[in-house]
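Protein chains in written order, with my numbering: chain A, 47 to 227; chain B, -19 to 198.
Treat the hints with caution; some may be incorrect.
[Unchecked claim] Sample of chain A residues facing chain B (criterion: CB under 7 Å; computed from the structure): (1) V50; (2) T54; (3) L58; (4) A62; (5) A84; (6) I189; (7) V191.
[Claimed, not checked] Coverage of chain B stretches by chain A, computed from C-beta distances (three or more under 8 Å per stretch; other residues unrestricted): (8) 8 to 15; (9) 18 to 24; (10) 101 to 111; (11) 129 to 136.
Treat the hints as calculated values from the structure; they're not laboratory data.
As the structure is a computational prediction, the values presented were derived from the model and not from experiment.
Think of the CB as a built atom: it goes at the ideal place given N, C-alpha and C, for glycine as much as any other residue.
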Amino acid sequence: MTLVAVATFLGLLAIAAVLVDLVALAWAGLGGSAARRALRTTLAPYAVPAAALVAVTAMAGSLYFSDVAHLEPCTLCWYQRIAMYPLALLLVVAAIRRDAGIRRYVLALAGIGAVISAYHVAVQRLPGLPTTSCSLTSPCSAIQVQVLGFISIPVLALAAFVTIVVLMGLLDAGPALEELT
Amino acid sequence: MTTRSRGMPRRSTPTPSRGTPSRTWLVIGGVVALVVVAAIVAVLLTGSAGAAEPSTSLTVSGTVLPAMPAKGANDDAVGMQLPTLSGTGIDGQPLSIGPTGSPQVIAIVAHWCPHCQAEVPRLVTWLRDNSLPDGVSLTTLSTSIDAARGNFPPSAWLDREGWTAPVLSDDAASDGLAALGVSSFPGFVFVNSDGTVAARATGELEPDQVATIAGTLT
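Build the full structure now, drawing on both the sequences and the hints.
This is the structure we're talking about:
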């Protein structure tokens, strides 16, 4: 598959993930407490494995872009990697151990990652935010890949982070540390 | 699963119960189906990609201009003879950028660059009601062409924006850009009628600024 084909494939997965997010949020928001409870009961067992799958796919995609397609990651790309790569590892371990207590840690990492991704999307879409020109040396404003008219690499990352946050929302809040001592 | 902590009563951890086997297989099947469908659609959507851009045969003759200096430093390219870039225009016809015997402004744009996407319509709008100083022509180098990046192909973008100046397509290695000593865009090379470089600039410029510098060309 070419770079464009791989990016399109990941873009379609991102669209599907965001649609699922929106349906889940609408269900939870409009359906009342009974609907929320039903949603959690039905999907909670799959939340951590699904989040692990999303994080591993995002990590594999970013490694493909940098190490196979040889796109140089910019500074903001690296910040998003710092958030995503530990998520991939932690969520896989949590999925294997069936440890839903990972929720708070995942929310912290994914939340920070989502904010950085959103800022990166703004930098790409709002010329002049940090610079007035595009350089060949991979500035954050450069859109290195764009498919389906609007999906760039930070858009993919944003979709992944948001999906992970939504999936963690399906889990019950675990006991805080002070409650255990 | 439970947790015990220093004499406190057992407390339930938030580990969710396992999904039923049939539901689990349904979820796994759904994910696999989604991945397969996405892969098929991606291949179908991108199978016909492959435009005539970038140029496959760009030649550079003459001395390559040195890289642009840091902001504020003297530009060693000023006074040097402009090299000639020969290749194919976005219309598929042979086209060259080089000394023409009259002053000229060379605009350097990349289709995926948001600053170029802002600069081009601004210049188009300005040129509708104004013009460059008498005898100054405007030519364009479309560079850093990459089908994987947004707003591809550049010919469609420039056509959509109403860009009427001739456009030379750079090659895949951006040799034309390198020959002009420029590494960021939008960029401008201002050339005197004797073919010597009068000035170079990168970053977004207001059309008035372009016209002002063009007015100094001899």
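For each hint, the structure was consulted:
1. V50: Since the shortest Cβ distance to chain B is 5 Å, the answer is holds.
2. T54: holds (4 Å)
3. L58: holds (4 Å)
4. A62: This hint holds: A/A62 lies near chain B, its Cβ roughly 6 Å from the closest one there, short of 7 Å.
5. A84: For A/A84, the interface hint is violated, since the closest Cβ of chain B sits about 13 Å away, which is over 7 Å.
6. I189: holds (5 Å)
7. V191: Result: holds, 5 Å to nearest chain B Cβ.
8. 8 to 15: holds (count 3)
9. 18 to 24: Holds: 5 residues of the segment 18 to 24 of chain B have a Cβ under 8 Å from chain A.
10. 101 to 111: violated (count 0)
11. 129 to 136: Holds, because 3 residues of the segment 129 to 136 of chain B bring their Cβ atoms closer than 8 Å to Cβ atoms of chain A.
Against the hints set out earlier in the document, violations occur for numbers 5, 10.
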